[in-house]
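Here are the chains, one letter per residue:
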Amino acid sequence: MSETHSETVAYVRETMLPPEPPPLAESGAIKWLRENLFSGPLNIALTFVGLGIVWLILSTVGPWLSHSVWNAGSMAECRQIIAETWGQGASGACFALIKHRWNQFMFGFYPQVLYWRPVLAFGLLFLALAPVLFSESAKARRIVLGLSMVLTFVIAALLGAPVAALLGMAVLMLAWAALIETRPQWSLLASLVYPFIAVWLLWGGSLWSEAMVLAGFGLGFAVWRVLAARFGLLAFALAVVVAAAWWLLLSGPLASALAGVLPLRLRPVSSDQFGGFVLSITIGVAGIALSLPLGVILALARRSDLPVIKLLAVMFIEFIRGVPLITLLFVASLLLNYFLPPGTNFDIILRVIIMVTLFAAAYMAEVIRGGLAALPKGQYEAADALGLDYWKAQRLIILPQALKISIPGIVSTFIGMFKDTTLVVFVGLFDPLKAMADTIRASFEWKGAYWEPYIFVGAIFFILCFGMSRYSMYLERRLKRDHR
Amino acid sequence: MVTYTGADNPPFRLSMLIYDRRYRSLTLQAIVFILVMLAASWLIDNTLRNLSAMGKTLSFDFLFRRAGYDIPQQLIPYNSDDTHLRATVIGLLNTLLVSILGCIAATILGVIVGVLRLSSNWLIARLMTVYVEVFRNIPLLLWILVCLAIFTEVMPPPNAYRGENPAANMILFDMIAPTNRYTAIPSIGMTNPPGTISLGREGISWAFIAFAVVIAAAWTGWRVLRNWAQRVQDRTGKRPRTWWISLAMFVVPVLFLTWYFGLHLVPPVLRGFNFADGINLDNAFVVLWLALTLYTGAFIAEIVRAGILAVSRGQTEAAFALGLRPRRTMSLVVLPQALRVIVPPLISQYLNLTKNSSLAIAVGYMDLRGTLGGTTLNQTGREMEAMVLMMGIYLALSLIISAGMNIFNSRVKLKER
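Quick note, the sequences are listed as chains F and L, same order.
Counting from 1, one number per residue, gives the positions in the first sequence under this note's numbering.
Counting from 1, one number per residue, gives the positions in the second sequence under this note's numbering.
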């Protein structure tokens, strides 16, 4: 049969046909359009609704944005330029005011000759974060470090930092970067010192007062390390007592004595001169740095077996989470003076930072408690079986895993807190959003500017917060140890 | 008789309070407790000394004095001769009003956006992603200010609606007129009003009571009907068709009452310089409500999306394999599982919205913070009492909402054995 068949076939192709391209409707843009935009009646309707929305937005905002003016001295000048270029009646954005008020947006009322100080403090932040954030990939770390160092230096130089300051800055940053690259363990210590340098740079005054506070911590830690082996818990109490005694009795006179010998002084800047993004970032970074450890402690306290401690933690967390941040800020501005000994009056930014920290810490505690609860019970039992005591078990086994689980929650708490820093306007601080927009609108030359400040500030907040959330996703992927 | 005096019961020594694990926790707690008490008494002592130095005493008497200020929006009657207490209640009601309406609108918006974000339509999914990311990553205060600017700058003044060829047109079938001072919406009128019961200065219309009773009765009837259907299904295996009876139970009496009282919408009409007949909603309220809705809606959308994604496809397929119809699959299999994931974070968003409503300060809406924590506080100078009372009320609100959440959680929790 098969033989006869092969004989009857007149023609057999001996070469492969070249592959045909797929039908037009099954490939490329058309296929994509059909599948993603026009796959059914509902989908087609949705597509048209979506196009309508896009058109609505573009047709209202588009011309206004495309007519923007970036160089002008006042609103009137802006309007004149728009009328000349696009004819009478055209409306356009006047982003010239951003350029005009740039310094105020960034620094508030910070003295202009000292702009380099917040810039340096912010640049050093990246050096301080390097061992924590970019430890894994040496390449990424070097890029971030190099970029932040160069940018800090250039911006500070452009903002008119004195030569001595530039030299000191360069030496400090290079030494620190070298430390990070050669002795990563030691650079962690430098990161711990960073907050004190930043406070000194931002508020000025004598370096010795910050140094004495730091020395108190160092002293307490030293006492604890020496005595911990013999006295355990008692050593901790002793360390606290020694540090407190140092701060209350010795640090003040010693600081002034040392300042007399070697006056490491910067021009002091008072808190009411802070403003703009310097203020937001100061409060935000301080709040983030302080609320994480406090949140961990609160979460552990809430899961503790000790009823008194648990009760206190529950009361604190539920109280803070139950009231709006605004009321806490009002407590900071109106009531805090009642709670302190008569005559004390401490800095408003510090008060706000304390309140924002307490607020974020309560939310953080709940997020971390979720992480602790999500950890399988076996991990706790394994830690006990190894004979680890409570703190060792938490430090080596429980917390690393629990914190990793709660990264998304932690970062979204950070983001929420950073957004909430705009609320400080209601206790009289100069935030970059409302206070700044009101000031601009109240000024003679920019009367009538409604949208531009909001767009600018909104864009910066979006970049920072969106960046944080993307970084948290990256961190989550990087730290993922299971299911490889 | 021999008494056992083993090593595990040594005589108590004072040093065991520190070295013995059994007692150490007690020591620790006692120390912490004493420290906290010391700190608290220090704070209270300071407060009392500060107050006496300023010649003030702690007293809530101011609540019963004449308030002397007006409140633009009030749900129950109020005038400036009323007490601060009544002003506080007005503020609380305003907080509740914007919170409840905000929660409802944000839920609707969030569910729609959350579902659409999972849509296979590329354009819609992207648009929704942009909405969610933009609103989540920018402070709420900015959205409030932007909405305020829209309402004060873009909206026309009331007299723009005047004349044959008005500069502005009312929207939604000539029912709503947004202006730069207020938003006029229709009110509900009755051609055949049944009278009111008076409760002091407020009155409750009999019509309202009639509707409440009818809806409650229909709800009870629906529960009874459902139970009966379940019993029939258990006995015979067939579920009787009940949807049209339950629908009728709700619709027919409501329609009858509407007809009986002659209920209708009264559109706002421009009289003189302002709109009359309808309800003129203060723009502060509209702005706050809109901004809270848009902002919280973005968060709820993410929660809904996560909840839907959390129910694995296998569940739907298994339900189909069992022969359940799509509607019952949704109501019996998918929704119970998705809701278990959705509801706890949803409630915490409701809590956030309620707390965020205190940003009314940015638009001058007279909520609890605006009355008790604002004008009352400034007029009486009683910072301590007003703040304590205000925080107490917010705390109570939050605790009530979270108590509700706990009850719901324990009811839907997976019964694990």
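It should be emphasised that the hints constitute simulated quantities derived from the structure, not laboratory data.
All figures in this text were calculated on a predicted structure; none of them were measured in a lab.
Virtual Cβ for every residue (Gly too), placed ideally from N, Cα, C.
A hint or two may mislead.
Unchecked claim - Per the computed footprint, the stretches of chain L lying under chain F, defined by three or more beta-carbons under 8 Å from a beta-carbon of chain F, are:
no. : region
1   : 49 to 56
2   : 121 to 132
3   : 211 to 221
Here is how each hint holds up against the structure:
1. 49 to 56: Contact hint for the region 49 to 56 of chain L vs chain F: holds, 4 residues under 8 Å.
2. 121 to 132: n = 5 at 8 Å, threshold three: holds.
3. 211 to 221: violated (count 0)
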